[in-house]
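K.L.:
Next come the chains, spelled out residue by residue.
2 protein chains.
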Amino acid sequence: MSTGTRDVRVCFVGDSFVAGVGDPSGLGWVGRVVAASAARGLPLTAYNLGVRRQTSVEVAARLPVEVPPRLAAAGEPRVVLSFGVNDTVMEDGAPRVDPGATVEALHAAVRAVAPVPVLLVGPPAVVDPAQDARVRHLTAALRSVCAETGVPFVDAHAATAAAHRWHREVVAGDGAHPGADGYALLADAVAGPILDWLGAPVSDVGAAGTPAAAP
Amino acid sequence: MSTGTRDVRVCFVGDSFVAGVGDPSGLGWVGRVVAASAARGLPLTAYNLGVRRQTSVEVAARLPVEVPPRLAAAGEPRVVLSFGVNDTVMEDGAPRVDPGATVEALHAAVRAVAPVPVLLVGPPAVVDPAQDARVRHLTAALRSVCAETGVPFVDAHAATAAAHRWHREVVAGDGAHPGADGYALLADAVAGPILDWLGAPVSDVGAAGTPAAAP
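Going down the list, the protein sequences come from chains C and H.
With the working numbering, letter number 160 in the first sequence gets 160, and the count goes up by one each step, no holes.
With the working numbering, letter number 140 in the second sequence gets 355, and the count goes up by one each step, no holes.
Each hint should be verified, as a subset may be incorrect.
FRET-style restraints, in silico, Cβ to Cβ [to be verified]:
(1) G308/H <-> A101/C: 47 to 55 Å
(2) H352/H <-> A141/C: 56 to 64 Å
(3) A141/C <-> T364/H: 48 to 56 Å
(4) A101/C <-> D403/H: 44 to 52 Å
(5) A147/C <-> A355/H: 52 to 60 Å
(6) G75/C <-> P367/H: 33 to 41 Å
(7) A141/C <-> A289/H: 29 to 37 Å
(8) D98/C <-> A309/H: 53 to 61 Å
(9) R111/C <-> G390/H: 35 to 43 Å
(10) D403/H <-> P115/C: 38 to 46 Å
(11) T364/H <-> E76/C: 39 to 47 Å
(12) R111/C <-> A373/H: 43 to 51 Å
Which bits of chain C does chain H cover? Going by a derived footprint, with three or more residues having C-beta under 8 Å, they are [as the list claims (entries may be wrong)]:
(13) 14-22
(14) 59-73
(15) 137-151
Rough simulated footprint, nothing fancy, chain C against chain H, three-plus residues with beta-carbon under 8 Å [to be verified]:
(16) 246-260
(17) 278-289
No wet-lab data here; the hints were simulated from the structure.
Ideal Cβ placement from N, Cα and C applies to all residues, glycine included.
When you get a sec, could you build the whole thing from the sequences and use the hints?
P.N.:
So this is what it looks like as structure tokens:
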């Protein structure tokens, strides 16, 4: 295995989907993106900072504490954020975090790690139709803000909402998280944009002889 | 997939070996332990808190900040610590952390997360003979202190020192970290003791019908 000459370190910061809760393979979507990057010739140092139940506000509050010790020495430090589903959970008749406050949390998160480049992966689809509508609207708001501020945005809702595999595994699991197949679906949708953003070699062909790793 | 009724959340806190640096599969030994636990019928919520270059002292200092937000809501909170190789690196004629200070850091770490149960995975073997001797002596010291204080100890040095696969991959890699095969070797050595400690069902047979996941 060639370790190459680049030193790319990525903090993936977010919620239980980032942590890979429910995936019996131990990979989640983050592990699969790391494997895909190595297969394309760009090994990463990956730090998974997903925490269950956390909203965008809680994620943003952790960034200044948890990211600097991991990225201070990096040749190419990067942050991938992903949150939103927990924001849309209703508590006492209101969402845990209002869409406007989610957008504010995104701004705060980007400021907290500046000048480290940030990419946002939006929230995936959920089973409950009313909550899923809120996730869809939040996705639209986040995409719009990202376009305005120059933060690359990857739409996880579009990738999962119409996928029977996703919903089937969520229902068969704990009602919120998919299993290995659902995480593979999500990883397939987000890996390309993330690896392009990281500047991974374009394909297996010419990838410095790095053998294909796990799928 | 059955999610069972237990809510076991484990923080794996340590250095680059915990983070899985150099493993193109994206699993590292921690991901493989998580997969093995799911295969034995005990799905975990796993938080990987390995950070490159960190010594025992730096790991212990992070615990009070990073562990509580992840384990506060856990039905069964657990912490797996692993450090030591970076302590034995020579800087200006002395190891980065003296063995006595490593032992102190272990005590501090256990106190920091009490009453959450802690298990310690010792440092794996390194290529340089002089440093490896220091790792071996540190392993003996940590084993002794763990026996005295009732902290379960898993010897990663014994599992890797005589393994050609381990040394071959480290040399072929960045000189410090193995690839997928070395991490699989380490995972095979530590998974049993860790899963027994977590109270995972003893074998696939009778594991509540949970199908085998990734190996």
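K.L.:
Take the hints in turn and mark each one as holding or not.
P.N.:
Hint check:
no. : hint                          : verdict
1   : G308/H <-> A101/C: 47 to 55 Å : 54 Å, holds
2   : H352/H <-> A141/C: 56 to 64 Å : 57 Å, holds
3   : A141/C <-> T364/H: 48 to 56 Å : 52 Å, holds
4   : A101/C <-> D403/H: 44 to 52 Å : 46 Å, holds
5   : A147/C <-> A355/H: 52 to 60 Å : 58 Å, holds
6   : G75/C <-> P367/H: 33 to 41 Å  : 37 Å, holds
7   : A141/C <-> A289/H: 29 to 37 Å : 32 Å, holds
8   : D98/C <-> A309/H: 53 to 61 Å  : 54 Å, holds
9   : R111/C <-> G390/H: 35 to 43 Å : 38 Å, holds
10  : D403/H <-> P115/C: 38 to 46 Å : 42 Å, holds
11  : T364/H <-> E76/C: 39 to 47 Å  : 41 Å, holds
12  : R111/C <-> A373/H: 43 to 51 Å : 48 Å, holds
13  : 14-22                         : holds (count 5)
14  : 59-73                         : holds (count 6)
15  : 137-151                       : violated (count 0)
16  : 246-260                       : holds (count 9)
17  : 278-289                       : holds (count 5)
Of the numbered hints stated above, the single one contradicted by the structure is hint 15.
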